Amino acid sequence: MFRILAAVPGEQTVRDATADELPALLTRSGARVWVDLSAPIGEAETAIVRDVFKLHPLAIEDCFERRAHPKIDEYDGYLYLITHGLSAGATADSAEPVELDAFLGANYLVTHHADASRSVAAVIEQVTRTGIPLNQGPAAVLHAILDRQVDGLEAVLDNFEERIETLEDAVFARPRNDHIASLLSMKRNILELRRWTAKQREVLLRLGRREFALITAEDTLLFRDVHDHLVRINDLLEVFRDMLTSIQEAYLSVVSNRTNDIMRFLTLFSTIMMPLTVLTGIYGMNFDHMPELRSAHGYPLVLVGMLLIAGSMLLYFRHRGWLGQPPSVDEKAADEPPAAARRSAERSRRSSARREAVRP
Amino acid sequence: MFRILAAVPGEQTVRDATADELPALLTRSGARVWVDLSAPIGEAETAIVRDVFKLHPLAIEDCFERRAHPKIDEYDGYLYLITHGLSAGATADSAEPVELDAFLGANYLVTHHADASRSVAAVIEQVTRTGIPLNQGPAAVLHAILDRQVDGLEAVLDNFEERIETLEDAVFARPRNDHIASLLSMKRNILELRRWTAKQREVLLRLGRREFALITAEDTLLFRDVHDHLVRINDLLEVFRDMLTSIQEAYLSVVSNRTNDIMRFLTLFSTIMMPLTVLTGIYGMNFDHMPELRSAHGYPLVLVGMLLIAGSMLLYFRHRGWLGQPPSVDEKAADEPPAAARRSAERSRRSSARREAVRP
Amino acid sequence: MFRILAAVPGEQTVRDATADELPALLTRSGARVWVDLSAPIGEAETAIVRDVFKLHPLAIEDCFERRAHPKIDEYDGYLYLITHGLSAGATADSAEPVELDAFLGANYLVTHHADASRSVAAVIEQVTRTGIPLNQGPAAVLHAILDRQVDGLEAVLDNFEERIETLEDAVFARPRNDHIASLLSMKRNILELRRWTAKQREVLLRLGRREFALITAEDTLLFRDVHDHLVRINDLLEVFRDMLTSIQEAYLSVVSNRTNDIMRFLTLFSTIMMPLTVLTGIYGMNFDHMPELRSAHGYPLVLVGMLLIAGSMLLYFRHRGWLGQPPSVDEKAADEPPAAARRSAERSRRSSARREAVRP
Amino acid sequence: MFRILAAVPGEQTVRDATADELPALLTRSGARVWVDLSAPIGEAETAIVRDVFKLHPLAIEDCFERRAHPKIDEYDGYLYLITHGLSAGATADSAEPVELDAFLGANYLVTHHADASRSVAAVIEQVTRTGIPLNQGPAAVLHAILDRQVDGLEAVLDNFEERIETLEDAVFARPRNDHIASLLSMKRNILELRRWTAKQREVLLRLGRREFALITAEDTLLFRDVHDHLVRINDLLEVFRDMLTSIQEAYLSVVSNRTNDIMRFLTLFSTIMMPLTVLTGIYGMNFDHMPELRSAHGYPLVLVGMLLIAGSMLLYFRHRGWLGQPPSVDEKAADEPPAAARRSAERSRRSSARREAVRP
Amino acid sequence: MFRILAAVPGEQTVRDATADELPALLTRSGARVWVDLSAPIGEAETAIVRDVFKLHPLAIEDCFERRAHPKIDEYDGYLYLITHGLSAGATADSAEPVELDAFLGANYLVTHHADASRSVAAVIEQVTRTGIPLNQGPAAVLHAILDRQVDGLEAVLDNFEERIETLEDAVFARPRNDHIASLLSMKRNILELRRWTAKQREVLLRLGRREFALITAEDTLLFRDVHDHLVRINDLLEVFRDMLTSIQEAYLSVVSNRTNDIMRFLTLFSTIMMPLTVLTGIYGMNFDHMPELRSAHGYPLVLVGMLLIAGSMLLYFRHRGWLGQPPSVDEKAADEPPAAARRSAERSRRSSARREAVRP
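These protein sequences, in sequence, are chains A, B, C, D and E.
Counting the first sequence from 1 gives a position; our numbering is that position plus 9.
Counting the second sequence from 1 gives a position; our numbering is that position plus 9.
Counting the third sequence from 1 gives a position; our numbering is that position plus 9.
Counting the fourth sequence from 1 gives a position; our numbering is that position plus 9.
Counting the fifth sequence from 1 gives a position; our numbering is that position plus 9.
If you are wondering where the hints come from, they were derived from the structure by calculation, not from laboratory data.
Remember, predicted model here, so these are calculated numbers, not experimental data.
There may be inaccurate statements among the hints.
Intra- or inter-copy, both count: the list cannot distinguish identical chains.
[What the hints assert, rightly or not] No more than 27 Å apart at the CA atoms, straight line, and that leaves these computed lysine-lysine pairs for DSSO-like: (1) K80 x K63; (2) K196 x K80; (3) K63 x K196.
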């Protein structure tokens, strides 16, 4: 499937063109053409790239195959680049890249995407409505698509941040194996994202530093802007990864602390009860000659003695500070409210600040 | 909102100017102009940067938007740079950057800050009072602002150091989950600070190495000084981060050690009490033929036997060294006083040494 | 053992040649020769490389010895390179490299492998059947072999991914020391693989960047393609390694959590049973004057009291939240089904996506 | 306070000079002057550097302030460098740098140190006694000072090594929270030392590679020697840091192992005692019809039965291997003597080897 | 002590020369001289290097001192290099470097070693027997020595590998504190080895890349070969270090798992025994009105009830899966035999493969 959009000088609006018009359009001075190819790729589509644009067979092969990482290659008269965006439903749990191939010539742009691409659809909509940015040249169209790809990425970063904070709270509230599994899954997704955004950043660095004669000085400023966005995204992914690692370590600390609390409770209880058991055992013995047993005050005295033993044990433990922190399953509730409130307040502030910062 | 300060040769003091005077001032030989823009940004402010200074539209757009990281871009005839400072109330728990944009021309400086900026306010106050540093040129004004930003940063570093030391003591005294949460929050703030101070350092490195024709040799020395400060700040942030990681690991060790202590106490107590329980159980059995029960000395002998068992158990444990370290919740109190004192003494010494070292 | 294949212009098919024909073939214009040497290496084989091709004695020595890492050396008129593939039966548990030595001249390729090489065998089969790629030149033959080596690597990566996911599930289900041993063994294999694939990537980087006059511009594109594959493989090995490290840390968390569960169960049970023991002990004492013992309702009242104690203890623990998570050996079963299902679904999706991505 | 030493050709010995003689000395051919400034810095001292040597105001300001890190700056006709040494009483617990500023001209050296400097004092003593190295030029004096600074560093490294080994032994003998605190403190000091020795190494690298016209080829050889020392010191600091990290991890392992031992002991004891308790409980029941109670052999048989139960439990545990490693507080004592001896022997050998290696 | 070997053209064999003959030999065309100096260094030895070879005093000083790290310095007409080997008895526990200094001139080689050097001894033996490699020039002699040094290193690597594998097995069999101590010691030795082999690799890199006019193109090939060996050794040391780190982490996991097992056993046993204790307690109470006590079937029914309680507890635990993994001290024995066998098989295979790979 293909769609051809042409901005011809003298014509009011951008219009759709047929494959047959292409050769004429390409040689016409001032005309700009954007060909968008999407699955299924048939003979017609192949003919356009091979015969009309005369692109290098290896590049065409690369383009119609699924490749794993972003790159940019310079060919004679055009650039071939692979970039990635995220699909519409991408979340912290599922952040698969959607590949976009682009051939950028002096007066044309050829894009290809096997899957539906939100970015391309949005730019086609804009071009057909306003003519912008196709009438500013093919590099401007490419920039518009890449800019939207990056916006899609940022939405997923927000989801990551939210998920990480929920996880952090959950671990402090009550650590479960499930949290570790969740953490591993997010870590892996962040690792994957970093892998290709790092390469995409390099592609945009090259687009943004006047390396290619095809890109005008004005256009490099546009691409440098996208590059700056990607740098910030990479930095944030790095921060997220560090935070996940810290949370995984915190998990162990929280579990160890809880085990410590439970052990202390058991120890406390056992050391109070065991002497009482021994005492009752003593007066349960069947010796003939046990004077206490005959005394009328023996029984109440022993009961009082038991209370004294238990009480002095408790006092001893209190002195040691053991009673200060009863074992609590919901540690969160035991948290000083100010601390918890402060943390949550800081979070919302930081989160909103980040949002402002990243989205100009 | 905007304020225009002009240092005109022949005039005694720096004076405020209006927007209408600007074009004349900029062409007047020897005159130096500083325009400070702050929110709200209206048509008047936009007109100044667009029509009077004729700054690049992309740079203006960048300037009035909130960007995430410091950078420096060279344009034709002026430099555009973004730097960050910290707000007045910044602490180790909340260290949000305050952005400052600056356009530095041969005879003018345009600054913009969306939020109130302590650094800018202080320099304005100095300029209106003494004329310095505006009469030394716009680069000197820029340096004065950047220098004050860095001073603000150092105050927060002190807060970090204090908080980290308090936390370290608290963890050794009695580890709580709250400490881990606090540690994670500080780690995140340090991560954020490092992210942008590292980029700011690069900006100042470029300002300090005669890369730009606009900056005179004398001015590069000034900026190199700020750069040296930022290098030290970055180094300290690195040290703080390493210390927090070590404290997090220490937390786990301390908790494990406490669990070990409690387990030892429980084991000690149980192994003393359980044989006594069995002994009382034996003489509580109802067999008809138990000669001991009939003996007049049976009961006292059994009591003596119980004391002997408990005593020999204690001796055995003492021999093993189990009694040496009773479980104590306040480990700090159990610390050898000299060690604790030495640590605290070293700290105060180091802290004051650092303060001297960082603040020339 | 050796085999000589020659593509001579004018002849329909590639044909086998004898050692005696070699000198003539090498000087014949347009002829391309591929000599494949394999164990055992005797006088005949040595004579070919020494006397016919006049290769450097040090390179020949290197070639017939087993070397540990891939490299490329330029000699006068030919390149000598060592690359590695994996044997047919390689798995995540056993991924030994199979070495391949190659001498690439303008019109010849000499390969040597001590062990059977799947890649070489497959290319020989293709060449004898179709003439391709020998009739495209010796560099094309080399590319075909290297490309097949990389394909073999990718099959093992799939095995690694599968094993890692099985291991992750097993650790969450029930951590065993065996898993740690398995993890260590896989980590070591990944380490080894990374060691030589990183070096092999460098070899292909050099082949792909027009560094050598022997490699035409068109051929560099081919080698760059293999290089891109190796980059992705290296990235994946890095991801696998990170995943294994995360799983090892997760193991400790899961075990700690299980210990915590068991401790909680023991504490719960002990604290319910111990007061009951003390109570029965009290009424088992033999004091003469214990009024309760004489009452007709004493016994049933004590039984009711014991039930009340146990019940209120349980209520207390429930209030604390201790009963919420009974100790379960099969944590997996206790997992919320949606989480487990989500994880497994994500996995299969990711896995298939990766497969597509890596294999163009 | 200042002291001026002058080596004048034709004069036998180096002599002290006054501030008034300085201008004449500096212009006299072949004369070499060393001015050492130390606190307090008054008008006289400032006048010397400002008016006589005409040093750059910024450099003078830097010099009299306390700066945090070593650096070297080239000015017109002289070099300005900041280096650090350690104070006389520096140990592993307290290793504060002592700053030294130096201005090196063609025929003069100006040094400044706010605190007492062992290195400077030693070189002054040598110069006044023998004339060496001042009569070899100011660079030779600088070298002599820097060389002594490095010697001071090495003495502290020895202290670190000793302390680390003591700590390692202590952790294996009996882990205490105190050890972790000690470890954190040493880690922090090593971090600090590495921070400035790394920068000092760069300063000496630049002095040692003929970068500055002021330094003759012969002098660069001297500075390269100091550089080599600093490289080795940096390497050792790196090794120390790795060792401390390993010891911190070992701490956790040792504590976990001890907890394991104690738990095993408790489990062992409990599982032997609890069945005996149940048995005595059974025969303590008050049923009318319990035939065993009437038997004359009941009591001895039950006692025998209890012994048998305890014995078979012990045999079972022995079979399982539980008895092999009794819980011991002094793990060190339980260590195989040869292992401990071997370790200690190796240590003393290594230590002495290192000493030889580092101090030529 | 010194020994002088001379290969003179026209003479059949290499012969020993005296110090007096040296000047003549050095000027004789085609003659090659090797002077080996060893402790004790007296006036005669010093005279040779100072007066005959006229080596730089600083280099001579360096040579006769003990230095810590390998390096290479170019002087006018000769190279001075320091390299390290290992002594004959070096093992994984004790791998002290033996230093070798060498001065390489156009027609001479001067070597110096304070300790006995196996490599030098072996080459002297070969030279006196066959003349080779001295008659090929001094660089060939140097290569022969360096090559033997590397061979000695590889023998120690084998010892490391063996020790690491033994340790890994021991940790899985039964973790002891001793293992951690052993691990720390090996880690430290690997750290030390890496430190100087990394520097030695750089020395050989420089010798192997035609940087020095003294080294012919043919000789660089020889040194490049040694360099390749050192690269592989460095890689292996890195792998060993990673393995030791992984084993240290595995240790903690294994200990935690064992603690978990023991806890489970204790919990199991306690929860079975405690209800029985309570039951016997109930029927041991002395209430007058306890109808069950009067019944003839009371006693047997209670015994049956106790069995039922114990049995149902066991069934419950079995249902939960607690009985599946009894606490075993020898975890190794509990390992599935195939896994253990597989591991060991893989190991021997890998080990032999490595040996082949490293030793060409």
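Hints, verified against the model:
For the homomeric pair K80 and K63, the shortest alpha-carbon distance inside one copy (21 Å) is at most 27 Å, but the shortest distance between copies (37 Å) is not. When the C-alpha separation of K196 and K80 is checked against a cutoff of 27 Å, the pair qualifies only within one copy, where the shortest distance is 24 Å, while the shortest distance between copies is 30 Å. When the C-alpha separation of K63 and K196 is checked against a cutoff of 27 Å, the pair qualifies neither within a copy, at 43 Å, nor between copies, at 47 Å.
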